[in-house]
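K.L.:
Residue numbers (this note's numbering), protein chains in the order written: chain A, 1 to 354; chain B, 355 to 673.
Be aware that one or more of the hints could be misleading.
Unchecked claim - To give an idea of the chain B side of the interface with chain A (calculated C-beta under 10 Å), a few residues: (1) W397; (2) A418; (3) T420; (4) G494; (5) I603.
FYI, nobody ran anything at the bench for these hints, they're computed from the structure. Since this is a predicted model, take the numbers as computed values, not measurements. Just so it is clear, CB atoms sit at the ideal spot from N, CA and C, and this is done for glycine as well.
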Amino acid sequence: MHKTTGIYFDGISSTPQKIELTLDEQAVGLIFESSDIPVSTWRLAEISFEHTGDSLEIRREANKASFIQVSDADFIAGFIACLRNNGQIGWYYKLLHLGMKAYIGMAVLILGLIVGGYLLVIPWVAEKAVMLIPGSYDTSLGNTFLNQYVSENDIDTAKTDALNAFAQQLQLNNTRPLHFMVVSSGTVNAFALPNGDIIVYSGLIDLMKNYDELAGLIGHEVSHVNNRHSMKMLCRNLSGYIFISAVFSDVNGIMAVIGDNVHNLQSLSYSRQFEREADEQGTALMIQNHINPRGMTDLFSRLQTDETIVVPAFISSHPMTADRIKTIRKMIGQSSYTITNHPKLEELFQELKK
Amino acid sequence: MENEISEPKNFKLGFDGKGGTFFGIIIVNWLLTVITLGFYYPWAKAKQLKFMYGATTLNGDRFAFTGTGKEMFKGYIKALVIFGVIYGVLILSIYFDFLYAGLIFFYFTFLAILPVIIHGSYRYRMSRTSWRGIRFGYRGDRTELFINYFKWFFFTIITLGIYGSWMEMKLRKYLIGNIRLGDIEFRYDGKGLEYFLLGLKGLVLTILTLGIYSFWFYKQLFAYYIDNMSLYKNGKKINFKSTLTAGNIFSLVVVNYLLLIFTLGLGYAWVVTRSMNIIFSNIEMEGDIDLDTINQTEADYNDATGEDMSDFLNIDLIF
Numbered sequence: 001m002h003k004t005t006g007i008y009f010d011g012i013s014s015t016p017q018k019i020e021l022t023l024d025e026q027a028v029g030l031i032f033e034s035s036d037i038p039v040s041t042w043r044l045a046e047i048s049f050e051h052t053g054d055s056l057e058i059r060r061e062a063n064k065a066s067f068i069q070v071s072d073a074d075f076i077a078g079f080i081a082c083l084r085n086n087g088q089i090g091w092y093y094k095l096l097h098l099g100m101k102a103y104i105g106m107a108v109l110i111l112g113l114i115v116g117g118y119l120l121v122i123p124w125v126a127e128k129a130v131m132l133i134p135g136s137y138d139t140s141l142g143n144t145f146l147n148q149y150v151s152e153n154d155i156d157t158a159k160t161d162a163l164n165a166f167a168q169q170l171q172l173n174n175t176r177p178l179h180f181m182v183v184s185s186g187t188v189n190a191f192a193l194p195n196g197d198i199i200v201y202s203g204l205i206d207l208m209k210n211y212d213e214l215a216g217l218i219g220h221e222v223s224h225v226n227n228r229h230s231m232k233m234l235c236r237n238l239s240g241y242i243f244i245s246a247v248f249s250d251v252n253g254i255m256a257v258i259g260d261n262v263h264n265l266q267s268l269s270y271s272r273q274f275e276r277e278a279d280e281q282g283t284a285l286m287i288q289n290h291i292n293p294r295g296m297t298d299l300f301s302r303l304q305t306d307e308t309i310v311v312p313a314f315i316s317s318h319p320m321t322a323d324r325i326k327t328i329r330k331m332i333g334q335s336s337y338t339i340t341n342h343p344k345l346e347e348l349f350q351e352l353k354k
Numbered sequence: 355m356e357n358e359i360s361e362p363k364n365f366k367l368g369f370d371g372k373g374g375t376f377f378g379i380i381i382v383n384w385l386l387t388v389i390t391l392g393f394y395y396p397w398a399k400a401k402q403l404k405f406m407y408g409a410t411t412l413n414g415d416r417f418a419f420t421g422t423g424k425e426m427f428k429g430y431i432k433a434l435v436i437f438g439v440i441y442g443v444l445i446l447s448i449y450f451d452f453l454y455a456g457l458i459f460f461y462f463t464f465l466a467i468l469p470v471i472i473h474g475s476y477r478y479r480m481s482r483t484s485w486r487g488i489r490f491g492y493r494g495d496r497t498e499l500f501i502n503y504f505k506w507f508f509f510t511i512i513t514l515g516i517y518g519s520w521m522e523m524k525l526r527k528y529l530i531g532n533i534r535l536g537d538i539e540f541r542y543d544g545k546g547l548e549y550f551l552l553g554l555k556g557l558v559l560t561i562l563t564l565g566i567y568s569f570w571f572y573k574q575l576f577a578y579y580i581d582n583m584s585l586y587k588n589g590k591k592i593n594f595k596s597t598l599t600a601g602n603i604f605s606l607v608v609v610n611y612l613l614l615i616f617t618l619g620l621g622y623a624w625v626v627t628r629s630m631n632i633i634f635s636n637i638e639m640e641g642d643i644d645l646d647t648i649n650q651t652e653a654d655y656n657d658a659t660g661e662d663m664s665d666f667l668n669i670d671l672i673f
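With the rest of the complex left out, here is chain A (with noise of 0.2 Å):
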């Protein structure tokens, strides 16, 4: 039994009027009266509070304008003890008070949760994104981007057709018809959209002294295709921004730009993982085509140490160039090979080289 004063607001005028407040633990629940107010009880079943700072006040879920007030702190313990004996303290209250300890636990686990989701769910749900989306998607895509960065008056069409007719003595394993371009360009530069067009400027073939090279250009492009890296570039990052404002923005906007600032590195570390697998595949494919693999590397050894170019988009995504190199050179070293001579690769060359 414990008994207080309290303040009782009836819900129909603001005016404060003292109550005598007596919790009966036992059986019925709160009982209160005033001089105005005849005897009323309120069962423990039918109520609701709020407990903020030092003070608490008791609803009925029936009729929630109306109110107790209570500030006694032995009340309010007294209260709240009877409320768990009854079984009505809810997990939510429970979960609320388990101090800053648990709330830093929680955030912990939260952000654990997420970047495991982050690291893990996004790259995995991407990939299989990819394989849903149908290669139409890719080619339109792909002529999309062509159209606004490519003019056709730049195509060198002679160069052009000596670059088709040099991946045609190629055995490329792709899958889609692929087209070269050569644009006319000091740039020194090269790249694959996903519908299968490899655009080279003509500043990296000037660069380039031998066909292997060349080679291993069109090796590492043509991988990016077989590969729709491009798509699945789109979706991870895509996915992967999503998420991260879903989960974030929620909470606040500073978390919310970490958040993204985190995820655009994440998007730098996919295309370097990307390019690894291309100079990989690309370096494979050569030694499939029984050219010297050491294009590859002599390629990216010339484009570095040259000084005054600089660093083209399709080496400059990292990872840096000479750890590309070193990679290649490893799997060159493990692998066997033969190298055959071949007149025609070496005269479309020379062609392109005019």
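With chain A held as given, fit chain B onto it using these hints.
P.N.:
Showing chain B alone in chain A's frame:
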């Protein structure tokens, strides 16, 4: 009844929420939201509002938010469906190559539901807010707001945005003017021209002082919102007055920013509680309405669709 009729000359607003308590609420909400894949969101929001309102006091008595997660969940589902349809039409229009028609529909619908959302949010939020058991209420008329909103919006467009100041003041006047706390009526008296000149002066001086004046500018804006608000009941009145200083604004903006940055966002709970504390302890009330004799006048209202839709659009209630 014990009616101690007094003439209270002093009113005191305050906020006594503790950062640690709020941090616990946020973390538990976050955990539950993550493991329920987002479905806990309406309940999380209800818990957060309960904390914020419960920590706000007037003359030592707490405000209460009596809305429930269940009500807001229903609104949340409705809001999801409505936004789903709007986005669905947009996607279909892209698919069938009617992109421009789709975009026009998209923006027009958003514009059209905006006043409806504002109306719904106010009705729900006010009806679920109470002080000493007396419910707040919003008496605005949806059609009236809808028509006015478009009228103001149209003027704003044809004046290249200049009318925006008038629009904001008229909207505020309409929304606040329709708020009740029992039989107490709210009023807002801000004027478009004054507000426009205030903004113009603030903007020019902020640029001239390379941003330093912005603390005084925000101080004046806040004061313009607060000082123009008043309460009325039977010829009696309470005026609000802001005592927030430029130093307070500096503390709110810069200190909060640093707190967030250096805690990687985890200090958010403390940022909110200290901000609310600074803001509420700098609003003074003066007048002769007896807060002990407010009568209950507003009915219950439980459709939370507007509330949830405003969340999707990130609309903050002014009040």
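K.L.:
Looking at the structure, which of the earlier hints fail to hold?
P.N.:
Hints 4 and 5 are the ones this structure does not satisfy, whereas the remaining hints hold.
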